[in-house]
Every structure is written in structure tokens, then in C-alpha cells.
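K.L.:
Each protein sequence line maps, in turn, to chains A, B, C, D, E and F. If you count the first sequence from 1, you need to add 6 to reach my numbering. If you count the second sequence from 1, you need to add 6 to reach my numbering. If you count the third sequence from 1, you need to add 6 to reach my numbering. If you count the fourth sequence from 1, you need to add 64 to reach my numbering. If you count the fifth sequence from 1, you need to add 64 to reach my numbering. If you count the sixth sequence from 1, you need to add 64 to reach my numbering.
Don't read these hints as lab results, they were simulated from the structure. Backbone N, C-alpha and C define an ideal beta-carbon position, used for all residues, glycine too. A couple of the hints might just be wrong.
Have a look at the derived ranges for each label pair, beta carbon to beta carbon [said to hold, decoys possible]:
#1 C:S239 - E:P161: 35 to 41 Å
#2 C:S239 - E:N290: 43 to 49 Å
#3 D:G92 - A:R63: 48 to 54 Å
#4 F:S84 - C:L252: 55 to 61 Å
#5 C:R68 - F:G85: 29 to 35 Å
#6 E:P161 - C:N17: 31 to 37 Å
#7 D:K100 - A:N17: 39 to 45 Å
#8 E:I250 - C:G155: 51 to 57 Å
#9 B:R100 - A:N17: 56 to 62 Å
#10 B:E64 - C:L252: 55 to 61 Å
#11 C:H66 - B:P73: 47 to 53 Å
#12 F:I130 - D:K100: 31 to 37 Å
#13 E:I191 - D:E236: 54 to 60 Å
Derived DSS-like pairs (lysine-lysine); straight-line CA-CA distance at most 25 Å [said to hold, decoys possible]:
#14 C:K33 - E:K119
#15 D:K194 - B:K120
#16 F:K195 - D:K194
#17 F:K195 - B:K52
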Amino acid sequence: MSGKIRLINGNGLRVDGRRPNELRSIKMEVGVLSNADGSAYIEQGKNKILAAVYGPREVHPRHLALPDRALLRCRYHMAPFSVEERKSPAPSRREIELSKVIKEALEPAIFLEKFPRTSIDIFIEVLQADGGTRCAGTTVAALALADAGIPMRDLVVACAAGKVDGVLVLDLNDIEDKEGEADVPVAYMPNLGLISLLQMDGSLTIEEFNQSLNLAMEGCKQIYKFQKEALRSRYVTIKEEVEECLR
Amino acid sequence: MSGKIRLINGNGLRVDGRRPNELRSIKMEVGVLSNADGSAYIEQGKNKILAAVYGPREVHPRHLALPDRALLRCRYHMAPFSVEERKSPAPSRREIELSKVIKEALEPAIFLEKFPRTSIDIFIEVLQADGGTRCAGTTVAALALADAGIPMRDLVVACAAGKVDGVLVLDLNDIEDKEGEADVPVAYMPNLGLISLLQMDGSLTIEEFNQSLNLAMEGCKQIYKFQKEALRSRYVTIKEEVEECLR
Amino acid sequence: MSGKIRLINGNGLRVDGRRPNELRSIKMEVGVLSNADGSAYIEQGKNKILAAVYGPREVHPRHLALPDRALLRCRYHMAPFSVEERKSPAPSRREIELSKVIKEALEPAIFLEKFPRTSIDIFIEVLQADGGTRCAGTTVAALALADAGIPMRDLVVACAAGKVDGVLVLDLNDIEDKEGEADVPVAYMPNLGLISLLQMDGSLTIEEFNQSLNLAMEGCKQIYKFQKEALRSRYVTIKEEVEECLR
Amino acid sequence: MSSIMVSRIRQKQIAQMVASGKRLDGRGLKDYRPIKVETGIIEKAEGSSRALLGKTEVVVGVKVEIGDPFLDRPDEGVFTVNSEFVPLASPEFEAGPPSEESIELARVVDRGIRESKAIDLEKLCLIPGKKVYVIFIDIYVLNHDGNLIDASSLASLAALLNTKIPVYVVEENEVKKTNDYIPLPIKNLPISITLANISDKLIVDPWLEEEEAMSARLTITFDKDNRISAIQKGGTGALTPQQIMEAAYMAKEKAEELRKMLVKT
Amino acid sequence: MSSIMVSRIRQKQIAQMVASGKRLDGRGLKDYRPIKVETGIIEKAEGSSRALLGKTEVVVGVKVEIGDPFLDRPDEGVFTVNSEFVPLASPEFEAGPPSEESIELARVVDRGIRESKAIDLEKLCLIPGKKVYVIFIDIYVLNHDGNLIDASSLASLAALLNTKIPVYVVEENEVKKTNDYIPLPIKNLPISITLANISDKLIVDPWLEEEEAMSARLTITFDKDNRISAIQKGGTGALTPQQIMEAAYMAKEKAEELRKMLVKT
Amino acid sequence: MSSIMVSRIRQKQIAQMVASGKRLDGRGLKDYRPIKVETGIIEKAEGSSRALLGKTEVVVGVKVEIGDPFLDRPDEGVFTVNSEFVPLASPEFEAGPPSEESIELARVVDRGIRESKAIDLEKLCLIPGKKVYVIFIDIYVLNHDGNLIDASSLASLAALLNTKIPVYVVEENEVKKTNDYIPLPIKNLPISITLANISDKLIVDPWLEEEEAMSARLTITFDKDNRISAIQKGGTGALTPQQIMEAAYMAKEKAEELRKMLVKT
């Protein structure tokens, strides 16, 4: 994070014209893939991410099955064409770490104990990456879980806050992430008031961190509305389809 | 396929002196390896290829076993010294694809349903490659299956036809394959009249393709005679050995 | 082994000041790791090597279990920082070979038949390498086995002899190993009078080899005393700890 | 009833319908499912597309880099086709190294493009023997409902037609990127048509359950001049020579239809 | 009684003790286990250290090589952090490619060093764009008794402080090694503090059985100016924002203690 | 009767026979199986051979390329020995990365060649520090009936003696291949002899069932001056020093026999 590029202009606006506490444009859709038990798609800025859920289903290989709850697995993966330089399809160390933290962000929301000896597999595919893919990936995976009918304590919604050119900002894009002073990705369960993913890199005082955390939670609450709306339209669509069949 | 090299001379003969519809010299031997349940060796031009069959035997790993028939597996592999530039011993994408198409070429000939819950494993090792190894590999693998006593609907025999310097030719060698205009490898079951492997690359009209297909089948029928002869001499040898033991 | 560097000086002493039949300084300690069932540490010259034993324990994966004895497994591994040029952590062909010969050096000493269907796993980690790591690794692994309470016919102790600048020497260090004329690593069970590891590379007459073998066995007998002493102090320590508890 | 038995019964049902000239999803034997192709969907890729064949969905991204030519083709650019069967597309797909099906798919698509000379590789050389364009075509299967080959071929061609390559200038044996982009030079339009043999009848564009019921599959790729560029037989059954030629003529007809449709979009 | 039941009972016991402000090993909730750090233990490495956190034992070796800079940082040296969970350290560790835990550990340690700018990378450039120092930091876990992150961070920092790099001279665009060594230029001292949430109470430095009983883990890395450089939440549970801030203040306090202790040694 | 019990009975039978100085296949304790060596069997390889030791069959191919020397041996060519236990050779062999047996085999053969200085590496340097010949020796086991080490060593040596290397000319610090070939410079002839300990008796050239019955194996490689170049003990048993010296003298005798035989062919 060198901060040589000017990321906040004279009017206090960001490189893409947003105000500091403004989210990027967001589009979500639920139930986009026919094979998966649940699926969803998100566009957040230029991020384009798909998530699919398979399960609860038989665990393979079997010896991994847990006697008292479902095994939750998560794979976060980037398409070779999702970034500037073509990425090898083999999972990088970064992708392996993010798979772990996203799994741990979603796990507290799921009633895993209802499905012993099964697995619930979450697959997140980043088709285009523009900063904040772990957060958008978490948000869309929560939708796919809901679409799969997996019972959940709450939705999980994620958003980053951070600091660029000395200003605390919400929902960093790629260049703000790379050139800014700090990035704080947060996953939040709004009804439970709990944080299930938290990372940070950069340099912040404790007070700045506290403000960033609160800013990120505010962002999460806004995105949560999009999630609920996306689930509602999916439900309406299904209802219409069923009614059409019954006609 | 650039076609810059002259592949047919003024007398209509090919780079190795053959006529367009002439096979390369062929040598086959059955029962060449003592450990395998069945084995065979072929030389076709400069191709030198061994095949071995193990099975029907217990499937390993067990969960791959099929309840109603044998699992057929095939590995086509090239020795590091089989080609001009040393080849890494790890299987290439080409070898993986050819393993699949050869397996699918042999499968329709085998009564797999007679051996449920077992595996039949075919190993093809190219010791020297000179064009047409997938075809010669299929031909020699069929012999190894017969040598292993696996009941078959028919032998499988394979040969390529193709087009070089505008002429349709049989049994392309390495340079004809690389510099010619088209290559059509075909596996054929002569008694059943069925084609079980068919690939093509290059550029042919439908009519040229039709002629190539017929030419390849004619080649297969000729090679089929070598196969039967190789099996016959193996049978005679075994008979003589048995009689010697009984004497 | 080019022998261009002078390895024996005018007084018949070696590059590190030793006499030809002199061992390097040796330090051993038993029971150094709390998680392992048995563990030991050795410093021999600049070699620094840890060994740990887990077992007898359930075999994983299960199908490897033997009906009539324990499965003995051994992994010899070098830390990336143990050698001059950083070593990749993936096991090299050399490490795989040494794992095998060390396993075979230890196996004849262990009453494996007492623990059917279990595994005994030996892990050797070279933290710093200075020539003769396979020997020091064998010596320290035998201590770890004893510390794990695995019943043994004898301890196994290993040491190399070899030839540098025309002189037969004991316990070669790194430069003597690389620049000398021959290296003969030997593992010995002193009470049984049996040799369980023997390798050699370089150039020796049969007579020189015979002398090297005897020299190595002499070295083994000396190191054996250190082994017994290390086990005795471990036993005393445990006894004191137990007595303290009982007080 | 075990799932194997269920799938057997289903396969039998499909076979009986095809035998009487019908298909479970109501299509005629020679009908494709609805086809939809979008391009430019991945702004960060030099080219991209998304193809839907019924419920089968494939995304293709094209990335352009600079690299070394092959030793035996010093004056030509290089392209590679790679395919990922990502596990969100099907319960049968697993994470890990590419399966043999995935490798076959990529190689069949590759052969169609290569043998028809669809990409004008000679125009992709910057410094002969040293620097050429390298085109990565990445096929990403998002939902597998059968006939991945045709969907992937179509998506790949659409993505190539959509590809812009950055212009480089050569200065003192080094290449320097400019801000200009030109279309990737395309000189042919290979179209793959896949047929399946069920009950000794040929159908085009098999969907997933038909693929499970078929004995063999035949993919034939035609170029813009109606010449065959590539063929791939798949599946564990066999075909008569007559079936193969029937398939070839049927495929030629369908290829013309699809090419027209693609050029329109 | 199955081992799962035993461990359940044990976890319950630990949770009850923490709920009442106590720990199984007698420590207070904010107490670290005894810490011991040695340096220079691997003479062949350019830097090395061994850190003990109770029974948790970690060795770190630093190797220095010459290599290429990253394209986007032509004037800076390069460092990488790698971690090996060698199977002698725990019955749970297996030989083979690094586990996700091992990768996470290395990346958390890496971020602490990188974001606090602990290594002065700008001083590690020999020929801009061409030759820079490459620093390999290898974490070797020898005994796993919990809180590997703090032990590894501490050992890594100690090893870096112990590192001597060979001096190179640049001659005609080539680098030549001399016999001189200088200390690795260090400009910050990041200290990681890990807390665990058990029974909704925060404890520092969880040992192995506490890690099994905790619902979530939080690691916060402070630099020498008491600024946060890195945070990593772990574990399958969640935390309230209040807990997080409480953890941050607690961690700041402990980081100052540990930094003083490290500088003294 | 289980196959394990069958093989136990068989092993006991072999042990009893050897104890009384006999072998199941009628050989004397010091007899090799019939040996057959052919060379030049792979025309596309620069050198090749096929060795039969009874039913054990090994093919070795030698490929020659141009590459970089090792940093510490800038004036010498390079060779590597690789071994493949291809699954057609034995029901015990599996496809995949090399097994530890396969790696051991390659390394023992490598040491015999390397330590006896069989290949004159100093003659394989083209441009010191930059371009040298790289010799790939690939051992391909085709049928495993015991004593792969001796069969592979013999086949490797025969293939090296059969190898022709292309002549290169050096022009302006670049190498250019000519059409001429010269024999690979060979200056020693290492012969490996493998003995097995069964019932405390030594036998040479164990076949497969003897390998299963033996407690230990000893391979000793002699060079043309009857000096030992390499030794490798294998197997899970141990040997007395007396047995080792007895084996050494026995091996020396057999090595002379085999060398004479090889030179004749």
C-alpha cells in the first residue's frame, strides 16, 4: 500500500465518484443454476460472482462424515480470466485461505446439527474480480444457502471498510484495496448482531479500526436489504411458476 | 498442417516409398510378458508398442466397482525415449484423451457384463512412436485382451486414413500425420461391421471423408488378418508347450 | 568426488582438526517433544536432527494394516533452512530413498509382531545438515523408538567411515563427504552384531572397504555409549519427576 | 428403489421414445434446445461470452499475453484451450486436476479452432522466433445439462469474435504495449454439431439424461466452407459406417443453421 | 467411553472454568504461558530462532538469496513466508502438501510483517528491476500445543532480527557476493496477540485444549507505534462488536509487554 | 487358503531349499538366470537396449539434449537416471508418481555410473558454464520377475555403450547441431551384482519369489578395475559383517563374468 495515487479528489469523492460511505452498485439474483440445490449471483461494482450449494448430501469420502452435524465445506475459486493477468486454475494459497475464512464466516449461521453425517458444499466462483471478492463471495454464498433451503439462524452479509488517502471509506474497489492504507473486511449477521469474518491489513489506530468496523457493519445492513429483496423475488417467481403449473 | 514438404512424388509414391493405399510393414506377437494376464506387441512402421491386460481382477479402490459389469480402464502412455524430444513421464493431456478414446474403442467388443464387480485394466506402452500410435495401440490392446482370455464379440482393429498432397492415403506415418491435410483414425470390428473409434483433424469435404472412412476400414480388414495369424501362432506355441509337458 | 581440496594436513589431521578415527562431538537428548509418543534430539558436529515416534497406533488409511505385525513407516525430511541453498519443502528423490533405507535399518530391531494391525510412524527432521545425516538420523530415531517404549531387540546406531586424501576416516563431515574418495554409511546393532544399513559410494578396493566397515562399526560402538547414557538420564529425570509428584 | 434402478428405467423410457421418433422434452430428433449467446460479459478479459444451450451454461474468457512462439512455428502466435468443470456446475464434478472428460472437451474445441485455422496465427507474430501473442481460451462450465462440446465450441467462437488484442510496437527487439486495441484476426468460423445414437436413431444436441441413455456420441465440426475440420466419437458404443455418414450430412445442415444464427448476433 | 465424548466432557470443563474466570492450567485469563526465545540456533541459515510458548515449539529459519523483483515493485526486495506443519509436531499433522491451517498461519504472519513494513524492502534492491534480495522465512512447527500464530510471529520476528545478509557489489549489471555481512534492515516490530472466545469470555494465548473448546479466535497484530497492522478472525463461531473492541484493547496491552520482552532478549 | 498363507508356505519352501543349497528353479546358489542383452532397439533414441534376466525384462532409452551445467561443475556434462515401474510389468505396480522402490532403483543405478565415472562428463562440455550435453537415461521395467537392479544396471550400461551423441559446433557463444554423431565417451564399465540372504545363505540374482522370501538384499557395484563403486543394502533384515565380506568377494567374481559377457555382445 504505497498511497502514491490520489484516491480522494478535491470534492472528497473517490476514484469511481462515490462518497466515502457509499456502496458500489449491487445486483443479486437467486436460483440461477439448475443443477445446484441452491445458487445465487452477485454483481458488486465490477465483481461478478456465482455461488452454488450442494447438500445436505452423502459425504464423500465417507470417513469425513461427522456423527453429530453436517460437514460444511467451502471452495472459493477465481476463474482464469477474472483478473488482469491470467490466473492458473490451480488454487493459490490466497484462494485456500479465503475458502477457510468464508467457511468460518458462514458456519455460525447454519443449523449444521440438523443434518448429521451429511455434507453441505459451497462453491464460489469469481468470474470477474474488482476488490472485495471475499465479502461479495460471502454475501452471495449466504443467498445460495438460503436458496438450498438450508435452515439458518440469520443471513450472513459481508462488506469491507478501510482507509484511503486518510479517509475512512466503505466497500473498497480494486485500486482502493491495493493502494489504500487499510482494508477491513467484515461479515455480519444483522439480526444476531454477530461478526463472523474479520480481517484487516494496513495500518490503523484502534480508534480508526473501531470506526471502520462500524462503517462496515452499516454497509452490511444496507446489503442485507438487497439480499432479502433477491430472496423475495425468487420466492415470488417460484410461486408464480407453481401457480402456472396448477392452472 | 502446412503442407510445405512434398509428401507424394512424381510417381505417386509416398515419402517412405509406399503406394497411397498401402499399409506399413506390420509385425505382431502375442503373449510376450509373463506377469500380465494377457499381452501383445506390435511393430507398425517404426511404431513399437506393448499392451498388457490385467483382469478380470478385484477393483482397487473398491468403491469404483460396478454392480452389473466389469470396470474397464485403459492407460495409453509413451516412454520418455519414444519421441524425438524426451517426453516427461507424467501423462500429458494428449495421453489422457487417447486413453479415453481407446478405452471407448475397445469397450463395445468386450462382454463386460460377464464379470460384475471386477476390473479389466489395459496398459499400452508406446516404446517408439511414428504416427498412428492410437490405432496401433488399439490393435495391440485387442490382442492382449484376447490373450487374457476375455470373451469378446469381435476383435477391434484400428487404422488411419487421411489426405497428403491432395491424395487420400492409408496408414499415415509421422511426417504425413504432421504435414498432411487430414488424418482420420478409425477403429473397426470387422465381423460386426461397427466403428468404435473415429476422430479426424484437418480439412476434408464430406465426400473425401466418406472415402477416407472406407479406405481406413479396408486397412483395418488387412490388419485383422495379422491379428488372427498372431493369435493362431500363439495358440500353436501353447499347444506345443503343453504337448511337450505331457510327453 | 574430485579431491582437489586438501582434506588431510601435514600432521595427519582433518579439516576440522580431528584424527582419522575420531568422531565429531556428539550431544543427545531423549524425550524432547511433548506430543510424540517418543522423541529424541541429536547434535553430531553441526548436524541438528530431531526424531519423533507415534505409535503403535491405528493405521490410517486402514487398508494398509498388516494382519500379523505393525506397519513401520519412516519419513526422513530436511528443513528448507537446513542446507546452504534453501531446499524446497517437497520431498526430494534423495529424501525418499533415505526414508526407505533408514526404515529398513530400524525394522530388524523392532518386535513388530507384538503389535498387529497398528502402525509405528517415525519422523526425522533435519534442522541443520553437515554430512552423515542418514546415520545421525538413524541413531536418533532408535532413541525415539526406545523413548516410545517400543520393545526392541537392540538399539540401532549408525556411523559412516570413508576415505579422504587416501586416508580411511571415521564420521565424515559435509566437505569430506562431498570431496572425499568414498563414503560408507553403516547402521549396526551392537549386541546382535548385525548390520542393517549399508551403502557406499566412491571408489574402494575390497580390502579398503573391509577396513572402512570395521572402522564404522567401531564408531557405532562409541556412539552406542552416548545413546545408552541419553536413555539413562531420561529415565532418571522421569524417576525424579515421579518421585516429586509422590512426595 | 435404488437410484441406479431409477436411472435404468428412465434410460429405457428415453430409448423407447427416441425409437418412436420423440424426445422426453418434446423436441424433434433434429432440434437443438434454445440457444442463447451473449458476448463481452467479462470486461476485464480481452474477449468473453456466455452460451446457453437449454439449461447447459458455459462461460468463455479470452486472455491475451505476450510469449514465445513454438520452435517449429517461429512466425505464428500461439493459442491454448483449457476447460474447467467447476464443481458448482454438477453434482458429478469434483474440484481437483482436470478430469479426462474435461481434457477431451478442451482438446475437441481446440482441434475445431486449430484445424479450421479460425485464428489467423500468422498475424499474431511480433518478433519472429521471439515474441508472439499468446491467446488463452478458458472454458468455464457453469451448469451441465448435456452437450458441453457444442455449447463450449459456440461460446469459444463467440468469445474469439469478441476479442480485442492490444497493439504493440516493436522497438529495438523489445515490444511495447500501446493503448490501442484491434480485433483478434479471425478467418474461419468452425461450428461443432454433436449427435447421439439412441435406439439406433441419431438425435442432435443430447441433453444430460439422453447422454446417459446414448450408446455413442459423434461430434463433427464444419468450417465456413462446409468442410469438416474435426470429428470426435465418444461413448462406449459403436456406430455403423452408414450412421456416421448420415450423421455427417445431418451435422452439415445444422452447422449452417447455427453459423447463420451466430453471425446474426 | 468414546474419545469424542471424553473430549466433549473436557471442553465443557474448560468452558465452565473460563466462565468462572479460571483456566485449567492455572493461568489468569490474560496470562501468556512462559515464553522463551532463542536466536542463532541454525548456523547455516542467515537468521534463525526458536520460540517456546509453554509446550508449543516453533523454529524459524531465514535464508537469503538473489532473485527478481516483482514487476510492480522493481525497487524493492522480496520476502515470502512459508510454514510447515511437520508430522512430528502433532498426531493430527500429516505429511504432504500444506494444509489450509498451515497456509493461513503463514499468511497471517506474512501480513503482520508486510503491513507493518517490518523489513525495509527498499534497502534490499541491488539492481532496480533486475536483482534484489529474496528473503525466505520458513516456519517449522515442532510441537503443537496451541496458539501457533503467536509463537510463529514471535519466532519469525526474532529470526529476522537475527538475520545477517551477505553484501553484494554491483559490477557491469552483475552482482558479486563479498565476504561481508550486514544485519537485515528492520524498521518495525509487529507483535501478534491471539485471543479466544470461550463461554463469551476472552482469554489470551489459548493452549491446545482451549483451542478445541473455543468458539472463535482473534489475532491482532500491533506495530511499534501501537497501530494495528493485521487482524485475523478464526474458528467457526462469531463475536460481538463489543468483544472485538475489548479484544483490541487487551491485545494492545499484551503486545507492548511482549515487545519489551523481545527487545530485552 | 488365503493368498497370504499360500505365499508363506511358498516362502518357507524356498527357504528350506536354499538352506540345503538348492533353488526352486534348479539354479545353483551362485548362478545367474540366462542373461540376454540387445542394443539399438529404439532407433529414435540416441542409445537404447533391452536386457532380459530370466523373465525380468527392462528397456533403457538414452536421450541427449543440450542444457545448463550444474553451478559447481561448470565444465562437465550432466546425466540423470530415471526409472518407471509401468503398470504392465507387474500386478503390484500402479500408475502415478514414482514409488520409493522405483526411486531407489534409479538412484542405485545412477550411483554405479556416477561413482565409477563411467561417462566421461568432462568431454560433454560445449561452452563452459553455459552449454553442456544432458544425458537422460530412462529405465523402463516391462516385466518384473525379481532383481530389477542388476537388470537395469546392465541395460543402462549397454544403452550407454550404444549411444551416439550429435556433434555441435560452437559459434559466437551459441551451439549449432551438425549432422555428425560420435559415440558417447565411456571410460568405465560398472557392473552391479545383487545377492540375497535367505536362511542365512547368500544367493545371487534372486527372482521374484526369492525376493519375497529373503531377509535382506545386498547390491555391490564393481568397476573395471575391480574396485567397489557403490553398495546398497535393501530389505528389512540385517547381515553379519562376515556375510557382507563373503558377498563382496562373491560379487567381485560374478561382476567379472558379467563384464566379459557384456563386452563380447
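K.L.:
All hints, please: hold or fail.
P.N.:
Right, here's what the structure says about each hint:
1. For the pair C:S239 and E:P161, the beta carbons lie near 39 Å from each other, so the given range of 35 to 41 Å is met.
2. Evaluation of the 43 to 49 Å hint for C:S239 and E:N290 yields a pass: the beta carbon distance comes to about 46 Å.
3. In this structure the supplied range 48 to 54 Å is violated for D:G92 paired with A:R63, their Cβ-Cβ distance being about 36 Å.
4. The hinted window of 55 to 61 Å between F:S84 and C:L252 holds, with their beta carbons roughly 60 Å apart.
5. Distance hint for C:R68 and F:G85: a CB-CB separation of about 43 Å, inconsistent with the stated range 29 to 35 Å.
6. The supplied range of 31 to 37 Å is broken by E:P161 and C:N17, whose beta-carbon atoms lie about 51 Å from each other.
7. At about 43 Å, the beta-carbon gap between D:K100 and A:N17 stays in the expected band of 39 to 45 Å.
8. For the hinted restraint 51 to 57 Å between E:I250 and C:G155, the CB-CB distance of approximately 46 Å leaves it violated.
9. With their beta carbons about 59 Å apart, B:R100 and A:N17 fall inside the hinted range of 56 to 62 Å.
10. For the pair B:E64 and C:L252, the beta carbons lie near 56 Å from each other, so the given range of 55 to 61 Å is met.
11. Between C:H66 and B:P73, the C-beta spacing of about 28 Å breaks the proposed range 47 to 53 Å.
12. For F:I130 paired with D:K100, a C-beta distance near 53 Å fails the hint of 31 to 37 Å.
13. Our hint of 54 to 60 Å for E:I191 and D:E236 is violated, since their Cβ atoms are close to 20 Å apart.
14. Taking the CA atoms of C:K33 and E:K119, the gap is near 22 Å; set against the 25 Å cutoff, the hint holds.
15. For the hint linking D:K194 to B:K120, the alpha-carbon distance of about 58 Å lies beyond 25 Å, and the restraint is violated.
16. Taking the CA atoms of F:K195 and D:K194, the gap is near 20 Å; set against the 25 Å cutoff, the hint holds.
17. Between the alpha carbons of F:K195 and B:K52 the distance comes to roughly 32 Å, so the proposed pair goes past 25 Å and is violated.
Of the numbered hints listed earlier, those contradicted by the structure are 3, 5, 6, 8, 11, 12, 13, 15, 17.
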